[in-house]
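Chains D and E are the protein sequences, given in the same order. Take 13 as the starting number for the first sequence in our numbering and just add one per residue. Take 13 as the starting number for the second sequence in our numbering and just add one per residue.
Just so you know, the hints here were simulated from the structure itself, not pulled from any lab data. There's no promise every hint is true.
Where chains are identical, the list cannot tell them apart; a pair therefore holds if satisfied intra-copy or between any two copies.
Computed cross-link-like contacts, DSS-like style, restricted to lysine-lysine with a CA-CA straight-line distance of at most 30 Å [stated by the list, open to error]:
no., residue 1, residue 2
1, K302, K518
2, K427, K396
3, K518, K16
4, K229, K360
5, K156, K377
6, K335, K396
7, K268, K218
8, K246, K221
Predicted, not measured: the structure shown is a model, and the values here were computed from it.
Okay, here's what each chain looks like letter by letter:
Number of protein chains: 2
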Amino acid sequence: MSNKILIIGGVAGGASTAARLRRMDEDAEIIMFERGEYISFANCGLPYYIGGTIEERDKLLVQTPDKMGARFNIDIKVKNEVIDINPSEQEIKVKDLSNDEEYVEDYDYLVLSPGAEPIKPSIPGIENERIFTLRNIPDTDAIKKYLDDKNPEKAVVIGGGFIGLEMVENLHDQGLDVSLVEAADQVMGPIDYEMASILHNHMRQKEVKLYLEDGVKAFEDNDNMTDVILESGKELEADMIIMAIGVKPSVELAKKAGLELGETGAILVDEYMKTSEENIYALGDAVEVKDYVTGNKTHIPLAGPANKQGRIVANNLTGRKDKFTGTQGSSVAKIFDLTVASTGKNEKSLEQEGIDYEVSFTMSKSHAGYYPGAIPMTVKILFKPEDGEVLGAQIVGRDGVDKRIDVLATALRFKKTVFDLQELELAYAPPYSSAKDPVNMAGFTAGNILNGEMDIIHWSEIDELDENNTFLLDIRTEVENDLGAIDGSTNIPLNDLRDRLNEIPKDKEIIVYCQVGLRGYIATRILLQNGFKDIRNLSGGYRLYKQVQK
Amino acid sequence: MSNKILIIGGVAGGASTAARLRRMDEDAEIIMFERGEYISFANCGLPYYIGGTIEERDKLLVQTPDKMGARFNIDIKVKNEVIDINPSEQEIKVKDLSNDEEYVEDYDYLVLSPGAEPIKPSIPGIENERIFTLRNIPDTDAIKKYLDDKNPEKAVVIGGGFIGLEMVENLHDQGLDVSLVEAADQVMGPIDYEMASILHNHMRQKEVKLYLEDGVKAFEDNDNMTDVILESGKELEADMIIMAIGVKPSVELAKKAGLELGETGAILVDEYMKTSEENIYALGDAVEVKDYVTGNKTHIPLAGPANKQGRIVANNLTGRKDKFTGTQGSSVAKIFDLTVASTGKNEKSLEQEGIDYEVSFTMSKSHAGYYPGAIPMTVKILFKPEDGEVLGAQIVGRDGVDKRIDVLATALRFKKTVFDLQELELAYAPPYSSAKDPVNMAGFTAGNILNGEMDIIHWSEIDELDENNTFLLDIRTEVENDLGAIDGSTNIPLNDLRDRLNEIPKDKEIIVYCQVGLRGYIATRILLQNGFKDIRNLSGGYRLYKQVQK
Ligand SMILES: Cc1cc2nc3c(=O)[nH]c(=O)nc-3n(C[C@H](O)[C@H](O)[C@H](O)COP(=O)(O)OP(=O)(O)OC[C@H]3O[C@@H](n4cnc5c(N)ncnc54)[C@H](O)[C@@H]3O)c2cc1C
Ligand SMILES: Cc1cc2nc3c(=O)[nH]c(=O)nc-3n(C[C@H](O)[C@H](O)[C@H](O)COP(=O)(O)OP(=O)(O)OC[C@H]3O[C@@H](n4cnc5c(N)ncnc54)[C@H](O)[C@@H]3O)c2cc1C
Ligand SMILES: CC(C)(COP(=O)(O)OP(=O)(O)OC[C@H]1O[C@@H](n2cnc3c(N)ncnc32)[C@H](O)[C@@H]1OP(=O)(O)O)[C@@H](O)C(=O)NCCC(=O)NCCS
Ligand SMILES: CC(C)(COP(=O)(O)OP(=O)(O)OC[C@H]1O[C@@H](n2cnc3c(N)ncnc32)[C@H](O)[C@@H]1OP(=O)(O)O)[C@@H](O)C(=O)NCCC(=O)NCCS
Numbered sequence: 013m014s015n016k017i018l019i020i021g022g023v024a025g026g027a028s029t030a031a032r033l034r035r036m037d038e039d040a041e042i043i044m045f046e047r048g049e050y051i052s053f054a055n056c057g058l059p060y061y062i063g064g065t066i067e068e069r070d071k072l073l074v075q076t077p078d079k080m081g082a083r084f085n086i087d088i089k090v091k092n093e094v095i096d097i098n099p100s101e102q103e104i105k106v107k108d109l110s111n112d113e114e115y116v117e118d119y120d121y122l123v124l125s126p127g128a129e130p131i132k133p134s135i136p137g138i139e140n141e142r143i144f145t146l147r148n149i150p151d152t153d154a155i156k157k158y159l160d161d162k163n164p165e166k167a168v169v170i171g172g173g174f175i176g177l178e179m180v181e182n183l184h185d186q187g188l189d190v191s192l193v194e195a196a197d198q199v200m201g202p203i204d205y206e207m208a209s210i211l212h213n214h215m216r217q218k219e220v221k222l223y224l225e226d227g228v229k230a231f232e233d234n235d236n237m238t239d240v241i242l243e244s245g246k247e248l249e250a251d252m253i254i255m256a257i258g259v260k261p262s263v264e265l266a267k268k269a270g271l272e273l274g275e276t277g278a279i280l281v282d283e284y285m286k287t288s289e290e291n292i293y294a295l296g297d298a299v300e301v302k303d304y305v306t307g308n309k310t311h312i313p314l315a316g317p318a319n320k321q322g323r324i325v326a327n328n329l330t331g332r333k334d335k336f337t338g339t340q341g342s343s344v345a346k347i348f349d350l351t352v353a354s355t356g357k358n359e360k361s362l363e364q365e366g367i368d369y370e371v372s373f374t375m376s377k378s379h380a381g382y383y384p385g386a387i388p389m390t391v392k393i394l395f396k397p398e399d400g401e402v403l404g405a406q407i408v409g410r411d412g413v414d415k416r417i418d419v420l421a422t423a424l425r426f427k428k429t430v431f432d433l434q435e436l437e438l439a440y441a442p443p444y445s446s447a448k449d450p451v452n453m454a455g456f457t458a459g460n461i462l463n464g465e466m467d468i469i470h471w472s473e474i475d476e477l478d479e480n481n482t483f484l485l486d487i488r489t490e491v492e493n494d495l496g497a498i499d500g501s502t503n504i505p506l507n508d509l510r511d512r513l514n515e516i517p518k519d520k521e522i523i524v525y526c527q528v529g530l531r532g533y534i535a536t537r538i539l540l541q542n543g544f545k546d547i548r549n550l551s552g553g554y555r556l557y558k559q560v561q562k
Numbered sequence: 013m014s015n016k017i018l019i020i021g022g023v024a025g026g027a028s029t030a031a032r033l034r035r036m037d038e039d040a041e042i043i044m045f046e047r048g049e050y051i052s053f054a055n056c057g058l059p060y061y062i063g064g065t066i067e068e069r070d071k072l073l074v075q076t077p078d079k080m081g082a083r084f085n086i087d088i089k090v091k092n093e094v095i096d097i098n099p100s101e102q103e104i105k106v107k108d109l110s111n112d113e114e115y116v117e118d119y120d121y122l123v124l125s126p127g128a129e130p131i132k133p134s135i136p137g138i139e140n141e142r143i144f145t146l147r148n149i150p151d152t153d154a155i156k157k158y159l160d161d162k163n164p165e166k167a168v169v170i171g172g173g174f175i176g177l178e179m180v181e182n183l184h185d186q187g188l189d190v191s192l193v194e195a196a197d198q199v200m201g202p203i204d205y206e207m208a209s210i211l212h213n214h215m216r217q218k219e220v221k222l223y224l225e226d227g228v229k230a231f232e233d234n235d236n237m238t239d240v241i242l243e244s245g246k247e248l249e250a251d252m253i254i255m256a257i258g259v260k261p262s263v264e265l266a267k268k269a270g271l272e273l274g275e276t277g278a279i280l281v282d283e284y285m286k287t288s289e290e291n292i293y294a295l296g297d298a299v300e301v302k303d304y305v306t307g308n309k310t311h312i313p314l315a316g317p318a319n320k321q322g323r324i325v326a327n328n329l330t331g332r333k334d335k336f337t338g339t340q341g342s343s344v345a346k347i348f349d350l351t352v353a354s355t356g357k358n359e360k361s362l363e364q365e366g367i368d369y370e371v372s373f374t375m376s377k378s379h380a381g382y383y384p385g386a387i388p389m390t391v392k393i394l395f396k397p398e399d400g401e402v403l404g405a406q407i408v409g410r411d412g413v414d415k416r417i418d419v420l421a422t423a424l425r426f427k428k429t430v431f432d433l434q435e436l437e438l439a440y441a442p443p444y445s446s447a448k449d450p451v452n453m454a455g456f457t458a459g460n461i462l463n464g465e466m467d468i469i470h471w472s473e474i475d476e477l478d479e480n481n482t483f484l485l486d487i488r489t490e491v492e493n494d495l496g497a498i499d500g501s502t503n504i505p506l507n508d509l510r511d512r513l514n515e516i517p518k519d520k521e522i523i524v525y526c527q528v529g530l531r532g533y534i535a536t537r538i539l540l541q542n543g544f545k546d547i548r549n550l551s552g553g554y555r556l557y558k559q560v561q562k
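The following block holds chain D by itself, in its conformation from the complex (with noise of 0.2 Å):
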């Protein structure tokens, strides 16, 4: 008895679990609806086509129809939309969209995998035709077709997610004069704010208008232009505006046929991957996911996520029991020259949620020093105060940082600490790492922390300390000192430190600072040991603390 299985959604998820279905199960019926005209294309690659870096068109198409049925034996039906679900007849209704035609076609069992779409706020003047949003093809061609017709010279784009800011470098490879509108004070949600105002800094120095913390209120066309009027009452003229304030999973189907969504709002699914009907099975975008860190309900939408839980729904329905544990939230995008990455929790979900966390920063290099094109990177990971579990990780660079997250992001799979870090024994040559790789130095760093050879401060601590009872030590040269300090601080050059100890006051407390933080930590360790008490070394140094005041 072979089973008829119909998938809702051609892309990513929906792809992906057809050509394991079919592997799994040679004489199942398989029938794929896609509303849209393609099918498996690479979504993530669309930033990239309309900045060019991607020259031809035809390479977004992963598989095609004609090929994708070849190979897998599927019946794809493109430009069909599916608008009922009918679980108690195991029945849908289709319209194809080429012809306005309904039909109703029968399951054994169902898979959706609608995705998501992005969010259209309700603001006056949304409906505009120099308004985008970017999902699919039809949304990128759009695009590329008003670049090439309207040759338009100033955009705005409202959101700094992934999506906005590779829209913000694509538009700027393109020769636009580009301006970012962000509601948050900080660009890339999954990191936290000294992480991101590396990004900040960045895109400033590429040229790129930030407008933090401020919100749209209205758009406004007049002439040849549009006004997109900000919360705060500034006004930017743009010939071309990108909508990218996130998306929102697309549940209309699901919720119309009574099938129970999670508390984020997504598709509730269970580990298998299985809706609240029996039949039914729901994946990618348009699920609700078990935070992997925290066990709590989250909606991340990821292709990584969604291709791996098309192999699960595909396993589950072929008798083969998979479970899909939860998502962590690894991502990397590429801004400009810098990469920026993260895994796991970030410092402002584990307050939300009342997680206790430690943080350490430290800045590595990509790989040997005294090879040509070392690069530093700030890393960061959060771990647990008990024992030192890692909680996430994020790194800002160039060379080397996506290498870094998912070595961080596989120890964090594994439940692993920051002593575990310590021992990674990771593969070195002066072209790739350094001896004590960066995610060693990391692990080291936070076991420091830990097992009380240092006690550290953050940037964000440093301007509220009460100066009457504080010593700031520069611990750096005279000519790092001279270039920019702290105020306030006094400078003692680490050589000098063990001859000059008579210059710190025994009764304040001492804060030590250096560039990055290895030198704060060696003069961490020596006034320790020399009889002062109350030492807290900057994490992340001078360096950071910097990024985040200009």
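For this one, chain D is given, so just place chain E with the ligands on it according to the hints.
Okay, now just chain E with the ligands, sitting in the frame of chain D:
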């Protein structure tokens, strides 16, 4: 009561020990003895300075005695060779090489990090001013000076380990005509033959002449050249010869002092890095370590472990009990345009040690195929047939190889399985990876093998197949088949397979192959579910098979 700690050797292991020691113990008296003129130099960078990639000699000196002495308050005695250890008296005898005077120094603790020495076999003619080894700065200076003064044109490098190969590349970069002689049938011992074949082909493309399975019988000078006479009778003319056939641990001092050596001939230490003497610790290239995977004793001279062991020794000397849990041999090297990396065990060593294993090859692009610059890498993983625990991994490719080996090294460290690799949530954006990362892909494929979804055959078994009972099925397109195929195979393109099943015999074993293994897998699944029983897919496909044949 402060301790007096003496350290023998001032580079990777010695200097790392000293630095951490001082951080943990401000009061200890620390004296570091180094017989050479330099401490803390970048051994691993030496080939790149010779080749000119690293331009300034000073960059090789990560620390100088002055700077390190000042920062860490360590008494650093360069050009001081320790010539005797007297454990019962807790004394060492030192010879000051600047004036040949000898003196005695007592200790509370002694740390040995004397490293290893290049093996120089007693081949007739080996003492020759055209023959060099490479371990330290003077060696480097000598090679560099010879290159500058003598302008040699033909180099023979003996030994295809990573130092040998780095020298091949760097001498080639200097415009020399380079030959490589290697006694084994392959370069790069840590990887297996078929992976090394990719390197062989690449080096030949670069016009490096390879003499594999051949040894050196003698060196004979003639006029201004030296003849390198091989076991095979071949004679290679050279005006520069690099011996890089491996290193042996520097154990003379330890041996003379009665310290126990291990079965590998290196210094025996326990998991705290303590030798057979209570107050003497040893580390780095001089010691025997535990093979992290098998638990057997081994000798793996690498900088990462040496540096980490330094930290562990310092911890143990300052009351912070710390164990070294073994070396897994993670390594990476740049060989011209290729990157080769490995971690854990290879086939050769697993066979030798009688450990059961399964192997899987996959080929994945460095990042999303539709984003420019995506380049395939060959991934080999070895795992336990019972439960899929990862035993080792090898990768050859260009971009992104170091990233994937580090993720695999991390999984191996945590004793995880190929099924765990499937679940890894690695950071994905088109410039960095694919939604299913190469590591996930290796996990999927290996998992399919273990779960019986697909049986595989390896390249080495193809030529031994019984022609009469085997049906060799090339599932690639006709064009691909025309460009080269395995002898005796029948071509049925995958997309036609379902319609042409009747052309396939039911009474023979079927060997399916495609270019890399993916289509062969899909074909295997189709055949299995259509009543064909005995089917194996060629792991790594025609591409890997062909690499070995070339
Ligand atoms: C511009 C852009 C860049 C991105 N970059 C990255 C990145 O770098 N890294 C990353 O991890 N993720 C990225 N993503 C996110 C990633 O693409 C998604 O997480 C992933 O595609 C989700 O897969 P899905 O199957 O749930 O949804 P989709 O891939 O969107 O597929 C859903 C499909 O279902 C169809 N559909 C919906 N309803 C119906 C219906 N009723 N009937 C028929 N068809 C229907 C839709 O037309 C759509 O084609 C990016 C997304 C975008 C838009
Ligand atoms: C050319 C080259 C390239 C390399 N590339 C890599 C690489 O890419 N990746 C990697 O992981 N590893 C690499 N290595 C290996 C790495 O350098 C070693 O594993 C590491 O240096 C070992 O540290 P060690 O402290 O044991 O020995 P060393 O760093 O060699 O230090 C030992 C020191 O002890 C001194 N000494 C010995 N005996 C005495 C004595 N009796 N008295 C006083 N001093 C003494 C020696 O003079 C020497 O300076 C490379 C090595 C070389 C030579
Ligand atoms: C194109 C698409 C349908 C492919 O799905 P797929 O066939 O499951 O994926 P792949 O082509 O990567 O193949 C993976 C399969 O090949 C197997 N495989 C890969 N290399 C192999 C090899 N060398 N030997 C044997 N098997 C191999 C894997 O094990 C896996 O099979 P399994 O899932 O049955 O274990 C789907 O990925 C898709 O639609 N992608 C585009 C949309 C998208 O993902 N967008 C978001 C990101 S831009
Ligand atoms: C130069 C050398 C002496 C340095 O040793 P080291 O001081 O232990 O190493 P680093 O300078 O990398 O500093 C690491 C320390 O800084 C700490 N650290 C790093 N970044 C930090 C930061 N931002 N904040 C606080 N602490 C930090 C680490 O925790 C670690 O301290 P710990 O071991 O006490 O935990 C030694 O590495 C050496 O000799 N190298 C050259 C030789 C060699 O290794 N050759 C082989 C490879 S080519």
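Do the hints match the structure? See the list:
| no. | hint | verdict |
| --- | --- | --- |
| 1 | K302 <-> K518 | neither (50 Å within a copy, 47 Å between copies) |
| 2 | K427 <-> K396 | both (11 Å within a copy, 23 Å between copies) |
| 3 | K518 <-> K16 | between (78 Å within a copy, 29 Å between copies) |
| 4 | K229 <-> K360 | within (26 Å within a copy, 68 Å between copies) |
| 5 | K156 <-> K377 | between (38 Å within a copy, 28 Å between copies) |
| 6 | K335 <-> K396 | both (26 Å within a copy, 22 Å between copies) |
| 7 | K268 <-> K218 | neither (47 Å within a copy, 64 Å between copies) |
| 8 | K246 <-> K221 | within (13 Å within a copy, 69 Å between copies) |
Checked against the numbered hints above, the structure violates hints 1, 7; every other hint is satisfied.
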